[in-house]
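Given the coordinates of chain A, assemble chain B with the ligand onto it according to the supplied hints.
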Amino acid sequence: MESKKLASLFQEDLCIFSLRSRKKTSVLQEMVRHLKASGKIADEHFILEMLKNRESLGSTGLGLGVAFPHGRSIAIPDLTVLFARSPSGIDFEALDSEPTKVFFLILAPSEKGAETYLALLSRLTALVQQPETLEKLYEVKNFESLQAVLGSDNG
Amino acid sequence: MREEFRLLVALQDLDIMIKEVEEKKTSDQLKNMGFQLDGLEELQKARATLAGKIPPALRNRYEKLAGRYRMAIIPVTDDKCLGCFVKLPTSFFSSAYSSELITCENCGRLLFIP
Ligand SMILES: [Zn+2]
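As you go down the protein sequences, you meet chains A and B in turn.
As numbered in our numbering, residues 242 to 396 make up the first sequence, in order.
As numbered in our numbering, residues 123 to 236 make up the second sequence, in order.
Here chain B stands alone, though its shape is the one from the complex:
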């Protein structure tokens, strides 16, 4: 996996965590269990640092997809894009491990191979 794609994957994990904390329903549940969630600012700082390491073109592509979908990067399971559930063509797998970023041809999401 190309380094910038690795950074992008980490960015999405972080965005999901930030969203969880910002969602009152989730954060209330966590607080009721006894968790303290005081470090939101820390997370936002970590996000800014991480985002700054990603080439702007790639970051913009991610942000655009993230605006459209719940997840811009989506895992591939059983040869399917878990975003749109369309089966990926066999040609996909020959190029999957190359240095290129792979996009689902059907929905446009970036694909992550677990």
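Here chain A stands alone, though its shape is the one from the complex:
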């Protein structure tokens, strides 16, 4: 996976450029529902439960307006990443208490090891450390602009 271009891991039908939800749990719900509608998962229940449990371990809202909900479940067949954006921002109980505007939802099958998703998570968390990339991410409104921002990762 390391050699793969970051942008190639994203799919246009797995992007939400304007989240409707306003609350933490409903944001998770909206993203998981989107995965179901796109045929990525058969059952929303298990993924949603897993993500809620993950949040009780500690918010995946790392601050700077970005969150990385993630985890492994038997109900996800392949490594999957969904991009979502909330123009106004959501209270995701982020570590810096600021509203969260950008979400990278990362899911991996449980029969594979944690490293399956940790590598991707590590690249994405590193990417948002670049202030100019972050600014662009907040403003991403379509798949082309998302691809352009992700293309700035050299991994």
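Hints are supplied without guarantee of correctness; some may be wrong.
Claimed, not checked - Simulated DEER-style distance windows between Cβ atoms:
1) A/K245 - B/K167: 35 to 43 Å
2) A/Q370 - B/L223: 43 to 51 Å
3) B/L223 - A/R261: 19 to 27 Å
4) B/P236 - A/K264: 27 to 35 Å
5) A/G304 - B/K141: 25 to 33 Å
6) B/L180 - A/Q388: 41 to 49 Å
7) A/A283 - B/E164: 23 to 31 Å
8) B/P177 - A/T266: 25 to 33 Å
9) A/S363 - B/P236: 24 to 32 Å
10) B/T212 - A/K246: 40 to 48 Å
As the list claims (entries may be wrong) - For the chain B half of the interface with chain A, some residues (derived, Cβ under 8 Å), not all of them:
11) L136
12) T148
13) G156
14) F157
15) Q158
16) L159
17) G161
18) I195
19) V198
20) L204
21) E227
22) N228
23) F234
24) P236
Because the hints were derived from the structure by calculation, they are not lab data.
Using N, Cα and C, we set each Cβ at its ideal position, and we do this for glycine too.
Positioned in the frame of chain A, the structure of chain B with the ligand alone reads:
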């Protein structure tokens, strides 16, 4: 899927998450990325609550399998048990969606149809 099997599947997902946090290598990686993992106790509480909802006989079966294998419940892909990779007999699929819990006849793991 029978409700108690659904609970069991959720229990396994939770167990895998708890194991990840308890594994120093994984939790160190997550902490280095900036994640705080302070809620382990919360997870253990959620696990106890969930486990309490599952009939003891089924829970014991799961715990026994979980002691033997990395995953007690394993997905079926391409008609194969992903635990032992043995092809499942066609008779399996006629009964797969019934209310019964399906066991792999070769390795004994519980089977999950995605
Ligand atoms: Zn088997």
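Okay, the hints, checked on the actual structure:
1. Checking the proposed 35 to 43 Å range against A/K245 and B/K167 shows it holds: the Cβ atoms sit about 39 Å from each other.
2. In this structure the hint that A/Q370 and B/L223 lie 43 to 51 Å apart at CB holds, the actual value being about 47 Å.
3. In this structure the supplied range 19 to 27 Å is violated for B/L223 paired with A/R261, their Cβ-Cβ distance being about 38 Å.
4. A beta carbon spacing of about 29 Å between B/P236 and A/K264 agrees with the range 27 to 35 Å that was offered as a hint.
5. Restraint check, A/G304 to B/K141: a C-beta distance of roughly 27 Å satisfies the suggested window 25 to 33 Å.
6. For B/L180 and A/Q388, the hinted distance range of 41 to 49 Å is satisfied, since their beta carbons lie about 47 Å from each other.
7. Hint check: A/A283 to B/E164, Cβ distance near 28 Å, so the stated range 23 to 31 Å holds.
8. Checked against the hint of 25 to 33 Å, the pair B/P177 and A/T266 passes, with Cβ atoms roughly 29 Å apart.
9. Between A/S363 and B/P236 the beta carbon distance is about 27 Å. The supplied range of 24 to 32 Å therefore holds.
10. Evaluation of the 40 to 48 Å hint for B/T212 and A/K246 yields a pass: the beta carbon distance comes to about 42 Å.
11. At about 6 Å, the closest approach between the beta carbon of B/L136 and any beta carbon in chain A falls short of 8 Å, and the interface hint on this residue holds.
12. Because the beta carbon of B/T148 sits about 5 Å from the nearest beta carbon in chain A, less than 8 Å, this interface hint is met.
13. Proximity of B/G156 to chain A holds as hinted, the smallest CB-CB distance being about 5 Å (cut-off 8 Å).
14. Proximity of B/F157 to chain A holds as hinted, the smallest CB-CB distance being about 6 Å (cut-off 8 Å).
15. Because the smallest distance between the Cβ of B/Q158 and any Cβ of chain A comes to about 4 Å, under 8 Å, the interface hint for this residue holds.
16. With a cut of 8 Å, the hint placing B/L159 at the interface with chain A holds, because the nearest CB-to-CB distance is about 5 Å.
17. Restraint check, B/G161 versus chain A: the minimum CB separation of about 4 Å is within 8 Å; hint holds.
18. For B/I195, the interface hint holds, the least distance from its beta-carbon to any beta-carbon of chain A being 6 Å, beneath 8 Å.
19. The restraint placing B/V198 at the interface with chain A is violated, with a minimum CB-CB distance near 11 Å, outside the 8 Å limit.
20. With 8 Å as the threshold, the beta carbon of B/L204 comes within range of chain A, its nearest partner Cβ sitting at about 6 Å, so the hint holds.
21. The closest approach between the C-beta of B/E227 and any C-beta of chain A is roughly 19 Å, which is over the 8 Å cut-off, so the hint fails.
22. Evaluation of the B/N228 hint against chain A yields a violated restraint, the C-beta minimum of about 16 Å exceeding 8 Å.
23. The beta carbon of B/F234 is positioned within 8 Å of a beta carbon in chain A (closest approach about 5 Å), and the interface hint is therefore held.
24. With its C-beta approaching chain A no nearer than about 5 Å, B/P236 sits inside the 8 Å limit, and its interface hint holds.
The structure fails to meet hints 3, 19, 21 and 22 from the earlier list, while all remaining hints are met.
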